[in-house]
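Engineer: Sequence:
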Amino acid sequence: MKIYLVGGAVRDQLLGYPVSERDWVVVGATSAQLLHLGYRQVGSDFPVFIHPKTGEEYALARTERKSGLGYYGFDCNFDATVTLEDDLLRRDLTINAMAMDENNQLIDPYNGLTDLKEKTLRHVSAAFVEDPVRVLRVARFLARYSHLGFHLADETRLLMYKMVKNGELDHLVPERVWQEWQRSLLLKNPEVFITTLRSCGALAIISPEIEQLFGVPNPPQYHAEIDSGVHTLLVLQAAVRLSTDPKVRFAALVHDLGKGLTPMALWPKQHGHEQRGIALIESLCERLRIPVDYRELAVLVSCYHLMIHRFHELKPATLVSLLEKTDAFRRPQRFFDLLIACEADAQGCGRTVDYQQRVLWQKVYETCAKISAQECIAQGYEGKAIKEALHQARVSAVKLIKL
190 MKIYLVGGAV RDQLLGYPVS ERDWVVVGAT SAQLLHLGYR QVGSDFPVFI HPKTGEEYAL
250 ARTERKSGLG YYGFDCNFDA TVTLEDDLLR RDLTINAMAM DENNQLIDPY NGLTDLKEKT
310 LRHVSAAFVE DPVRVLRVAR FLARYSHLGF HLADETRLLM YKMVKNGELD HLVPERVWQE
370 WQRSLLLKNP EVFITTLRSC GALAIISPEI EQLFGVPNPP QYHAEIDSGV HTLLVLQAAV
430 RLSTDPKVRF AALVHDLGKG LTPMALWPKQ HGHEQRGIAL IESLCERLRI PVDYRELAVL
490 VSCYHLMIHR FHELKPATLV SLLEKTDAFR RPQRFFDLLI ACEADAQGCG RTVDYQQRVL
550 WQKVYETCAK ISAQECIAQG YEGKAIKEAL HQARVSAVKL IKL
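Using the working numbering, read the sequence shown as starting at 190 and increasing by one per residue.
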């Protein structure tokens, strides 16, 4: 029995990245042997074992053969005759198909180190096509390492394109799609995830709502970048600079989906796109089973981003009404996230913007938040009258602010 460190831990160690978790492959052993040594088995699809002391995952070396559609359509062989090379061959990219033995000696049968040095993402074998999730994984890896100068091998991009054309991505499990997408939102360059998917045709499958933004013009007096798809990517980049929260970044990415439904005859005007985008966001979130908190913030940003921008044009009563409609007093952090996403929208217009609206909205919120319903009750208001009295008190307070 031999044990090897494999995959991402080896890759990141060679890149000088901190290794947060380690995965191990056990060669020449059986499940019974590991159980006898005190390992605890988890997972029903293939044997994975938890080390009795470290809690790290150890998997028996295995091979996989495609036997059906989707994520679970594989036959796995994990008997003791499977070699390390066999196990590494089933992996997605050469940089993920390296291992280290107990003496820290590198085992690299598929030239992953060369590709790592040349900053190339390349598939290990033709078996890459057997798992459509790999298209998204490659896009995420490119987003993760693009700031280091990594690029996608031409033959791998072509293979991904062929997978899309052959309908391989039609069988993706929604949860797996969102898992990769969500992980990309935590990276320095999540826009690369989107552009990589688009370059091989996968974006039209994963999110036609975003794909259809490309080629739709914006009014040039507001958008130096003009193209709605380009604007969307710039907004996502701005959101990365402003927030580490993936919910804010997602909301920024999908805030303009309604522009994809604007009739061509009306271009470049985009009147009403804020409301049109709501149904698209809800459909996207339902299809990919995106968490409710992501959906709620994204809908708010789509619905209200133009009103947030137009702060100076709004009357005190309208300012207060927006705070109430967005539930800002009960969910202040979500309202602040809305403001951040709106600032990202303003910064993603191809020009430098001094976005004072965020500070001004926060000032209005802070003023109104000091007024409580208890004060209205103490003044004798009851029932529905309390809500109206509270609203009017907030409006009166906002009128006194020097903005």
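Rather than coming from a laboratory, the hints here were simulated on the basis of the structure.
Each hint should be verified, as a subset may be incorrect.
Straight line, CA to CA, 25 Å or less: simulated SDA-like cross-link-like pairs of lysine to any residue [as the list claims (entries may be wrong)]: (1) Lys-576 - Gln-536; (2) Lys-306 - Asp-264; (3) Lys-504 - Asp-482; (4) Lys-354 - Gly-338; (5) Lys-514 - Gly-539; (6) Lys-377 - Lys-514; (7) Lys-559 - Arg-540; (8) Lys-559 - Glu-577; (9) Lys-306 - Tyr-206; (10) Lys-588 - Arg-547; (11) Lys-514 - Arg-540; (12) Lys-377 - Pro-408; (13) Lys-504 - Cys-474; (14) Lys-191 - Gly-338.
Derived Cβ-Cβ restraints for the label pairs, each shown as a range [stated by the list, open to error]: (15) Lys-306 - Gln-368: 27 to 37 Å; (16) Gln-368 - Ser-561: 19 to 29 Å; (17) Gly-461 - Val-362: 27 to 37 Å; (18) Ile-415 - Glu-291: 19 to 29 Å; (19) Arg-540 - Lys-591: 37 to 47 Å; (20) Asn-293 - Ala-315: 52 to 62 Å; (21) Lys-242 - Leu-450: 29 to 39 Å; (22) Leu-592 - Pro-397: 52 to 62 Å; (23) Gln-368 - Asp-201: 45 to 55 Å.
Glycine included, every Cβ here is placed at the ideal spot set by N, Cα and C.
Engineer: Are the hints correct? Go through all of them and say.
Structural biologist: Hint-by-hint comparison with the structure:
no.: 1; hint: Lys-576 - Gln-536; in the structure: 36 Å, violated
no.: 2; hint: Lys-306 - Asp-264; in the structure: 34 Å, violated
no.: 3; hint: Lys-504 - Asp-482; in the structure: 30 Å, violated
no.: 4; hint: Lys-354 - Gly-338; in the structure: 28 Å, violated
no.: 5; hint: Lys-514 - Gly-539; in the structure: 31 Å, violated
no.: 6; hint: Lys-377 - Lys-514; in the structure: 33 Å, violated
no.: 7; hint: Lys-559 - Arg-540; in the structure: 36 Å, violated
no.: 8; hint: Lys-559 - Glu-577; in the structure: 16 Å, holds
no.: 9; hint: Lys-306 - Tyr-206; in the structure: 14 Å, holds
no.: 10; hint: Lys-588 - Arg-547; in the structure: 18 Å, holds
no.: 11; hint: Lys-514 - Arg-540; in the structure: 31 Å, violated
no.: 12; hint: Lys-377 - Pro-408; in the structure: 29 Å, violated
no.: 13; hint: Lys-504 - Cys-474; in the structure: 34 Å, violated
no.: 14; hint: Lys-191 - Gly-338; in the structure: 35 Å, violated
no.: 15; hint: Lys-306 - Gln-368: 27 to 37 Å; in the structure: 30 Å, holds
no.: 16; hint: Gln-368 - Ser-561: 19 to 29 Å; in the structure: 42 Å, violated
no.: 17; hint: Gly-461 - Val-362: 27 to 37 Å; in the structure: 35 Å, holds
no.: 18; hint: Ile-415 - Glu-291: 19 to 29 Å; in the structure: 58 Å, violated
no.: 19; hint: Arg-540 - Lys-591: 37 to 47 Å; in the structure: 28 Å, violated
no.: 20; hint: Asn-293 - Ala-315: 52 to 62 Å; in the structure: 31 Å, violated
no.: 21; hint: Lys-242 - Leu-450: 29 to 39 Å; in the structure: 57 Å, violated
no.: 22; hint: Leu-592 - Pro-397: 52 to 62 Å; in the structure: 42 Å, violated
no.: 23; hint: Gln-368 - Asp-201: 45 to 55 Å; in the structure: 19 Å, violated
The structure fails hints 1, 2, 3, 4, 5, 6, 7, 11, 12, 13, 14, 16, 18, 19, 20, 21, 22, 23 (numbered hints given earlier, in ascending order).
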